[in-house]
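**Student:** Here numbering that gives the first Met the number 0 is used: the sequence shown runs in plain steps of one and ends on residue 99.
Bear in mind the hints are in silico, worked out from the structure with no lab data behind them.
Virtual Cβ for every residue (Gly too), placed ideally from N, Cα, C.
Accuracy of the hints is not assured; some may be wrong.
For each label pair, taking beta carbons as the anchor points, the in silico distance ranges come out as [stated by the list, open to error]: (1) V54 x E17: 51 to 59 Å; (2) T41 x K84: 56 to 64 Å; (3) E95 x K53: 57 to 65 Å.
Dumping the calculated DSS-like pairs for lysine-lysine here, alpha-carbon to alpha-carbon at most 30 Å [said to hold, decoys possible]: (4) K79 x K60; (5) K7 x K38; (6) K1 x K53; (7) K4 x K15; (8) K53 x K6; (9) K15 x K33; (10) K38 x K62; (11) K99 x K83; (12) K62 x K73; (13) K73 x K83; (14) K4 x K33; (15) K15 x K44; (16) K44 x K33; (17) K24 x K4; (18) K84 x K94; (19) K24 x K38; (20) K44 x K1; (21) K63 x K44; (22) K4 x K38; (23) K38 x K53; (24) K60 x K73; (25) K62 x K84; (26) K33 x K6; (27) K1 x K15; (28) K53 x K7; (29) K53 x K33; (30) K79 x K93; (31) K24 x K44; (32) K62 x K44; (33) K94 x K79; (34) K1 x K33; (35) K6 x K38; (36) K38 x K60.
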Amino acid sequence: MKLPKIKKGNRVLTVKEERLSSYLKQGYDQVDEKGEVVKRATGGKTISLGEYNKVVDELEKLKKTPANTDELNKQVEDLKAELKKVRTENTKLKKELEEK
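Model the full assembly from the supplied sequences, consistent with the hints where possible.
**Tutor:** Shown next as structure tokens:
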């Protein structure tokens with residue numbers, strides 16, 4: 000059984016499984032061999048107000064996205080219908096040219 004790795008800042012430690020939860024409470028993230036976060040810290044971290052506001056702004060922007068997505072999907076469907084009409088007309092004109 001592999002021992003879990005934890006990271007806080009540039010410090011990476013290998014700890015026993017039974018100590019993992021206490022390190023998570025202290026602000027350490029559990030990471031895999033590649034250094035990617037497996038489990039986020041459950042406490043012990045603070046963020047600046049500017050960073051918090053940036054995340055809140057991004058969240059608000061993402062919440063507005065689904066309505067925009069529906070609108071874009073409608074535009075895509077309209078363009079597909081228009082493309083189908085143009086292709087049909089193009090095929091007719093090609094046949095007329097071949098007959099002449």
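**Student:** Taking the hints in turn, state whether each one holds.
**Tutor:** Evaluated hints:
1. V54 x E17: 51 to 59 Å: Violated, at about 33 Å.
2. T41 x K84: 56 to 64 Å: holds, 57 Å
3. E95 x K53: 57 to 65 Å: holds, 60 Å
4. K79 x K60: holds, 28 Å
5. K7 x K38: This hinted pair holds, its Cα atoms lying about 12 Å apart.
6. K1 x K53: violated, 37 Å
7. K4 x K15: holds, 9 Å
8. K53 x K6: holds, 24 Å
9. K15 x K33: Holds, because 19 Å separates the two Cα atoms, which is no more than 30 Å.
10. K38 x K62: Satisfied, since the Cα-Cα distance of roughly 25 Å is no more than 30 Å.
11. K99 x K83: holds, 25 Å
12. K62 x K73: Judged against 30 Å, a Cα distance of about 19 Å means the pair holds.
13. K73 x K83: With Cα atoms ~15 Å apart, K73 and K83 stay inside 30 Å; holds.
14. K4 x K33: Roughly 11 Å separates the two Cα atoms, so the pair holds.
15. K15 x K44: Given pair K15, K44 holds - Cα atoms ~22 Å apart, limit 30 Å.
16. K44 x K33: holds, 22 Å
17. K24 x K4: holds, 15 Å
18. K84 x K94: holds, 16 Å
19. K24 x K38: holds, 11 Å
20. K44 x K1: Holds, at roughly 26 Å.
21. K63 x K44: holds, 29 Å
22. K4 x K38: holds, 10 Å
23. K38 x K53: Given that 30 Å is the threshold and the Cα spacing comes to 23 Å, the pair holds.
24. K60 x K73: OK: K60 and K73 at ~20 Å, within 30 Å.
25. K62 x K84: violated, 35 Å
26. K33 x K6: holds, 12 Å
27. K1 x K15: holds, 9 Å
28. K53 x K7: holds, 22 Å
29. K53 x K33: holds, 27 Å
30. K79 x K93: holds, 21 Å
31. K24 x K44: holds, 9 Å
32. K62 x K44: holds, 26 Å
33. K94 x K79: holds, 23 Å
34. K1 x K33: Holds, at roughly 14 Å.
35. K6 x K38: holds, 10 Å
36. K38 x K60: holds, 26 Å
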